[in-house]
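Engineer: Chains A and B, in that order, give the protein sequences. Just so we're aligned, residue 163 is where the first sequence starts under my numbering, counting upward by one. Just so we're aligned, residue 145 is where the second sequence starts under my numbering, counting upward by one.
None of these hints come from the bench; they were simulated from the model. This structure is a prediction, so every number in the text was calculated from the model and none was measured. Cβ atoms here follow ideal geometry from the backbone N, Cα and C, with glycine treated the same way. Among these hints, one or two may not hold up.
[Stated by the list, open to error] Label-pair distances were calculated between CB atoms; the ranges are:
| hint | chain 1 | residue 1 | chain 2 | residue 2 | range |
| --- | --- | --- | --- | --- | --- |
| 1 | B | PRO526 | A | PRO576 | 41 to 51 Å |
| 2 | B | ALA208 | A | PHE434 | 30 to 40 Å |
| 3 | B | HIS521 | A | ARG603 | 36 to 46 Å |
[Claimed, not checked] A short list of chain B residues far from chain A (calculated; beta carbon distances all over 12 Å):
| hint | residue |
| --- | --- |
| 4 | LEU158 |
| 5 | GLU299 |
| 6 | GLU329 |
| 7 | LEU462 |
| 8 | ILE477 |
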Amino acid sequence: MHKFVVLPEGRLEQRIPEAKPLYTQGEAETEANRCLYCVDAPCIKACPTGIDIPTFIHKIATGNVKGAARTILSENLLGDSCGRVCPVEVLCAGSCVYNAWNRPPIQIGRLQRYATETAMKQTPLVQLVTPLRAAPTKKKIALVGAGPASIAAAGLLALEGHQAVIFERKAVPGGLNTLGIAPYKMQGTDALNELDAVRTLGDVELRRGIEVVEGQAQGHQISAATLLRDFDAILLGLGLGADTRLGIPGEDGPGVHGAVEMIERIKSEAGFSLGGARRALVIGGGNTAIDIAHELRLLGIDDVSLVYRRGETEMSGYVHELEYARKHGVKLIEHRVLAAYERDVGGKLTAVQLQRAQEGRGIPGSEERVAVDLVALAIGQSRATQIARAFPGVAVDARGRVTVDPQTYRTGNPKVWSAGDCVNGGKEVVNAVQEAKLAVRDMLKALGEG
Amino acid sequence: MADLSIDFCGIKCLNPFWLASAPPANTGQQIMRAFDAGWGGAVWKTLGDPITNVSSRFASVDYAGQKMMGLNNIELITDRPLEVNLKEIAEVKRRYPKHVIIASLMVETRDNWREIVKKAEDSGADGLELNFGCPHGMCERGMGSAVGQEPRVLEEITRWVVEDAKTPVIVKLTPNTGDINEPGEAAARGGAHAISLINTIKSLMGLDLDRMVPLPRVQNLSTNGGYCGPAVKPIALFMVSQIAKNAMTRNLPISGIGGIGNWRDAAEFIALGATSVQVCTAVMHHGYRIVEDMIEGLSDFLDSKGMASVNELRGQALGAYAEWGELDLDYSIKAKIDPDKCIGCNLCYVACMDGAHQCIHIPGRSAEESYQAGHYHLPTLPIPQVPVKASGGVGRFLPHVDLDECVGCNLCALVCPVPGTITMEQVPGPIGRKETWNDRVAQGRDLNPGAMESTILGRKNRVP
Numbered sequence: 163m164h165k166f167v168v169l170p171e172g173r174l175e176q177r178i179p180e181a182k183p184l185y186t187q188g189e190a191e192t193e194a195n196r197c198l199y200c201v202d203a204p205c206i207k208a209c210p211t212g213i214d215i216p217t218f219i220h221k222i223a224t225g226n227v228k229g230a231a232r233t234i235l236s237e238n239l240l241g242d243s244c245g246r247v248c249p250v251e252v253l254c255a256g257s258c259v260y261n262a263w264n265r266p267p268i269q270i271g272r273l274q275r276y277a278t279e280t281a282m283k284q285t286p287l288v289q290l291v292t293p294l295r296a297a298p299t300k301k302k303i304a305l306v307g308a309g310p311a312s313i314a315a316a317g318l319l320a321l322e323g324h325q326a327v328i329f330e331r332k333a334v335p336g337g338l339n340t341l342g343i344a345p346y347k348m349q350g351t352d353a354l355n356e357l358d359a360v361r362t363l364g365d366v367e368l369r370r371g372i373e374v375v376e377g378q379a380q381g382h383q384i385s386a387a388t389l390l391r392d393f394d395a396i397l398l399g400l401g402l403g404a405d406t407r408l409g410i411p412g413e414d415g416p417g418v419h420g421a422v423e424m425i426e427r428i429k430s431e432a433g434f435s436l437g438g439a440r441r442a443l444v445i446g447g448g449n450t451a452i453d454i455a456h457e458l459r460l461l462g463i464d465d466v467s468l469v470y471r472r473g474e475t476e477m478s479g480y481v482h483e484l485e486y487a488r489k490h491g492v493k494l495i496e497h498r499v500l501a502a503y504e505r506d507v508g509g510k511l512t513a514v515q516l517q518r519a520q521e522g523r524g525i526p527g528s529e530e531r532v533a534v535d536l537v538a539l540a541i542g543q544s545r546a547t548q549i550a551r552a553f554p555g556v557a558v559d560a561r562g563r564v565t566v567d568p569q570t571y572r573t574g575n576p577k578v579w580s581a582g583d584c585v586n587g588g589k590e591v592v593n594a595v596q597e598a599k600l601a602v603r604d605m606l607k608a609l610g611e612g
Numbered sequence: 145m146a147d148l149s150i151d152f153c154g155i156k157c158l159n160p161f162w163l164a165s166a167p168p169a170n171t172g173q174q175i176m177r178a179f180d181a182g183w184g185g186a187v188w189k190t191l192g193d194p195i196t197n198v199s200s201r202f203a204s205v206d207y208a209g210q211k212m213m214g215l216n217n218i219e220l221i222t223d224r225p226l227e228v229n230l231k232e233i234a235e236v237k238r239r240y241p242k243h244v245i246i247a248s249l250m251v252e253t254r255d256n257w258r259e260i261v262k263k264a265e266d267s268g269a270d271g272l273e274l275n276f277g278c279p280h281g282m283c284e285r286g287m288g289s290a291v292g293q294e295p296r297v298l299e300e301i302t303r304w305v306v307e308d309a310k311t312p313v314i315v316k317l318t319p320n321t322g323d324i325n326e327p328g329e330a331a332a333r334g335g336a337h338a339i340s341l342i343n344t345i346k347s348l349m350g351l352d353l354d355r356m357v358p359l360p361r362v363q364n365l366s367t368n369g370g371y372c373g374p375a376v377k378p379i380a381l382f383m384v385s386q387i388a389k390n391a392m393t394r395n396l397p398i399s400g401i402g403g404i405g406n407w408r409d410a411a412e413f414i415a416l417g418a419t420s421v422q423v424c425t426a427v428m429h430h431g432y433r434i435v436e437d438m439i440e441g442l443s444d445f446l447d448s449k450g451m452a453s454v455n456e457l458r459g460q461a462l463g464a465y466a467e468w469g470e471l472d473l474d475y476s477i478k479a480k481i482d483p484d485k486c487i488g489c490n491l492c493y494v495a496c497m498d499g500a501h502q503c504i505h506i507p508g509r510s511a512e513e514s515y516q517a518g519h520y521h522l523p524t525l526p527i528p529q530v531p532v533k534a535s536g537g538v539g540r541f542l543p544h545v546d547l548d549e550c551v552g553c554n555l556c557a558l559v560c561p562v563p564g565t566i567t568m569e570q571v572p573g574p575i576g577r578k579e580t581w582n583d584r585v586a587q588g589r590d591l592n593p594g595a596m597e598s599t600i601l602g603r604k605n606r607v608p
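Next comes chain A alone, as it looks inside the complex (with noise of 0.2 Å):
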């Protein structure tokens, strides 16, 4: 298969071995028919995309693998992504019966991605999703951002026979399923794999450090207004902005990092070195500061806590990802904030200032000095709504999320649909995709009226 991007060797990310390897025939097979097979399965209800798990599991089981995929390819073009990157413990597998009998549950994602990735490496995409590819529209619709709602859109409407342009304005695209994702659950070069084969499904372009504006255009821009005159329907899927700072002084300069930053750059960067960091303090508790305390660990710093305002219990973060960190060392610093950073006359990081907190907030008078000589700030994102604004009659809320109606995800001007992080404020690869299917299916309605 053409690769359209190809990310550079020597990637930080490839030092650090896959938690959760490909299963072989054999181990799929045995863990498929520990599956009951249940009715009315709540790990159906459990998966934003409705995949029919108990179907998939049994066809594989039977060896019939590439069924197996169709089950889950036609409910979720994502699915090879979704079988590594979902959270299964608190959703499919969090939910399978045999929990509630003290078993272990099935591990629905292994077996997912066991069943894409080996029909995938055989049967070409198209085969494995229904409805079959329709013949071509001359509908055009424009995805804004590369991330996976406006992927699996653009395949969804590609299968249709309309013609999909994505605009993205990094050089990789993906959005976080490649920049952003635990190289221990994928890596960056999967998802471009994943991408190559939905472009396969029909006409997809995609539009690579191609920002969209909202007044004139320079060059590589595009204006909202030019989209909206030259196509017949447009996805907004821009995710989330920048990591946000605590803006604090000292902040700026080496040694502290945005989280997502840091993760894109060992995600995507050749030669990205982490200066010799020995300790290291992640701020947060949510998900991506377990991802990059983890990630940091893994990569071999010494010492990595996690600084987190309020108690274990009150994380926003999930427990499963919180402990498997432990296991390799990651530890954890409650009721902390970081109120100050020290330098030395070079202006190298050497300490911090952290205050002891009650309900969040840090008591003035309490501060320990830490050395360190790293911190990843994992304290929240920015919005990349402000685009959003640029389309007369799209509405973002007082948080920053674009505003749609939750049936169609179509949002207040009748030719734009938003789906992702922008609209949800930050949720899993599972959501982005179902959210997607749904905006493609209102879409499909208007392109037909039209």
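Dock chain B against the given chain A, drawing on the hints supplied.
Structural biologist: Chain B only, in chain A's frame:
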């Protein structure tokens, strides 16, 4: 501890557990290891003119990840010189005088039979088993099941051997026959002292779909073989019971064979009339060591039932094996699902919907949804939404049994993965007193609504 020793038509044995005539009983060295492990006896791999075997020889049926639910083989009788086998029999008997060796025999002519009987007995075998069962390779040469399927031939050869033999003669029957009683009765007429059954079932195990060659594959060909293992146990139990109940054969000791792998299986065969049991596939799968569980389990079971000896168990269940016409039509049971054990998999629901009587409902559906799903009868009350305890009270509800429609077939309880969750509870029957089909026939009331005879055409043809 209950006494496990048996007397099998005069052959005394430490316990009822014998290795069947098969690969686990191929050599003296193997059989001595088996005796060390605890086996009471062994039926030596069939003696006769040594044959040449093929490769491969075995194929198996796996089920949902479990290996060797059924095994088939295209191996023939012993491929070792007769003298070697006889020397080893003598050696084993010298070293294990309390253990039982039965010589399985298969030859063709009257003279051959006379000679091999003498040689086997001279070597010290405690008894003889006539292999009239092997359904592949030997039958094409006029032996094995070719004999077992011809009652007159079976009877004649049995008579020859009984005339010559000084030790008990056991006739081993093939199940590849329309009615097992025919060869059983022929054996009795021929003077057999005991019967063993079943031999393997004629089978084709499956296909290599890429090569389009059946299994087990011998280069580009295969052939039918003999099927055994856990899957054949019900067939064997049926045939053992038939022989145990038949007036002509009921006094002959039975050595039960077919899918026996643990003490429970053994207890079932013995309760249906067997004196000893023979094991092959389970040993081929797990080794001689399984006999420890068989001895211990059977002994503890007998103790728990207050039986001092395994002989007290023999035939205990035979009286409860009746004809269909003797079953009580008034006996009525209904499924009951335990909300504390149910995990909410709904397998009972789908089995009942598609395989039984559509009487299990998923709570929370409207009447319309229930009809759409395929129910034709709704319980009168609104279906209660009883949370499945295992779900922590959220989201999953106990499947509801519509007692009006439940026919008490057991299917839901059979498919339920959690032991003890679905029980079948007795309820007052529809008739109010015991009544069998035979009663109805005797009283001339053997006409059900909707029968052929109830139609005008049917009535015309009915003999008054």
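Engineer: So, for every hint listed, does it hold in this structure?
Structural biologist: Quick rundown of the hints versus the structure:
The hint said 41 to 51 Å for the Cβ distance between PRO526 of chain B and PRO576 of chain A, and at roughly 44 Å that hint holds. For ALA208 of chain B and PHE434 of chain A, the Cβ-Cβ distance of about 48 Å falls outside the hinted range of 30 to 40 Å, so the restraint is violated. Here the CB-CB span from HIS521 of chain B to ARG603 of chain A is close to 37 Å, well matched to the stated 36 to 46 Å. LEU158 of chain B, annotated as away from the interface, keeps every beta carbon of chain A farther than 12 Å; the closest lies near 40 Å.
For GLU299 of chain B, the non-interface assignment is confirmed: its Cβ lies about 48 Å from the closest Cβ of chain A, beyond the 12 Å cut-off. No Cβ of chain A comes within 12 Å of the Cβ of GLU329 of chain B; the nearest lies about 45 Å off, and the non-interface call holds. For LEU462 of chain B, the condition that its CB be more than 12 Å from all CB atoms of chain A holds, with the nearest at approximately 37 Å. Every CB of chain A lies more than 12 Å from the CB of ILE477 of chain B, the least distance being 24 Å, so the non-interface label holds.
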